[in-house]
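Trainee: Mapping the sequence shown onto UniProt numbering, position 108 (from 1) lands on 108, and the numbers just tick up by one.
If you are wondering where the hints come from, they were derived from the structure by calculation, not from laboratory data. On a predicted model such as this, the values are computed, not experimentally measured, just so you know. Hints should not be assumed to be uniformly reliable.
No more than 25 Å apart at the CA atoms, straight line, and that leaves these computed lysine to any residue pairs for SDA-like [what the hints assert, rightly or not]:
1. K21 with P71
2. K21 with E60
3. K21 with E106
4. K21 with E33
5. K110 with L22
6. K21 with T101
7. K70 with E60
8. K21 with T65
9. K110 with E16
10. K70 with R50
11. K21 with Q127
12. K70 with E16
Restraint-style ranges between C-beta atoms, simulated for each label pair [as the list claims (entries may be wrong)]:
13. A104 with R74: 20 to 28 Å
14. R107 with I37: 19 to 27 Å
15. F102 with R78: 14 to 22 Å
16. A67 with E98: 25 to 33 Å
17. D20 with A116: 15 to 23 Å
18. N48 with R6: 29 to 37 Å
19. E98 with T65: 26 to 34 Å
20. D68 with R130: 30 to 38 Å
We treat Cβ as the ideally placed atom computed from N, Cα and C, and that holds for glycine.
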Amino acid sequence: MTASDRSVQLVRIAAEAAADKLADDILAYDVSEQLVITDAFLLCSATNDRQVRAIVDEIEERLRTEADAKPVRREGEREGRWVLLDYIDIVVHVQHEEDRTFYALERLWKDCPAIALPESVLQANLQRARA
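Generate coordinates for the entire structure from the input sequences, incorporating the hints supplied.
Mentor: Here you go:
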């Protein structure tokens, strides 16, 4: 079993939204073989709490307007260091870069297949890495 087309669509929209708000190190994994609760994880990070919130707001707005999707659960919004948005089909993790380094979620999910992200997101990742 692999991530559904709907899950991949949500991941791509969320990744583009994150890139538009200058998120760093945007990655997506198909976790459908490992977990029964969701198909995909999207991971991204930001340099400060305000940017974490801006990324979260943009992801929510774009998923609502472009895919008619609303999160069923939000966690970590008050602290603004690690916000989790649960859309059932996908789970979005927006982390402060210090928390991203400390928890290293990509290390936990590295054996899962990556989900191809739009070219615009890949280019944004490259540009942000060079800066």
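Trainee: All the hints need checking, so say for each whether the structure fits it.
Mentor: Verification of the hints:
A hinted pair counts as satisfied when its Cα atoms are at most 25 Å apart, and K21 with P71 qualifies at roughly 19 Å. Note on K21 and E60: the hinted pairing holds, with a Cα-Cα distance of about 12 Å set against a maximum of 25 Å. This hinted pair checks out: K21 and E106 have alpha carbons roughly 21 Å apart, not beyond 25 Å. Straight-line distance between C-alpha atoms of K21 and E33 comes to about 30 Å, which puts the hinted pair past the 25 Å bound.
Proximity of K110 to L22 is assessed by CA-CA distance (about 23 Å); at most 25 Å being required, the pair is judged to hold. Only pairs whose Cα atoms come within 25 Å are accepted, and K21 paired with T101 is accepted, the gap being roughly 20 Å. A distance of roughly 7 Å separates the Cα atoms of K70 and E60; the hinted pair therefore holds under the 25 Å criterion. Straight-line distance between C-alpha atoms of K21 and T65 comes to about 17 Å, which keeps the hinted pair within the 25 Å bound.
Taken as a hint, the K110 and E16 pair is honoured in the structure, with Cα atoms around 22 Å apart against an allowance of 25 Å. A C-alpha spacing of about 22 Å is found between K70 and R50, which places the hinted pair at or below 25 Å, so the restraint holds. A distance of roughly 13 Å separates the Cα atoms of K21 and Q127; the hinted pair therefore holds under the 25 Å criterion. With a C-alpha separation of about 17 Å, the suggested pairing of K70 with E16 holds against the 25 Å cut-off.
Range check, A104 to R74: Cβ separation about 23 Å, and the 20 to 28 Å hint holds. At about 20 Å, the beta-carbon gap between R107 and I37 stays in the expected band of 19 to 27 Å. For the pair F102 and R78, the supplied restraint of 14 to 22 Å holds, since their beta-carbon distance comes to about 19 Å. A beta carbon spacing of about 31 Å between A67 and E98 agrees with the range 25 to 33 Å that was offered as a hint.
The beta-carbon spacing between D20 and A116, approximately 18 Å, falls within the hinted interval of 15 to 23 Å. Distance hint for N48 and R6: a CB-CB separation of about 32 Å, consistent with the stated range 29 to 37 Å. One distance hint, 26 to 34 Å for the beta-carbon pair E98 and T65, holds here, with the actual separation near 31 Å. Separation of D68 from R130 is about 36 Å and conforms to the stated range, judged on CB atoms against 30 to 38 Å.
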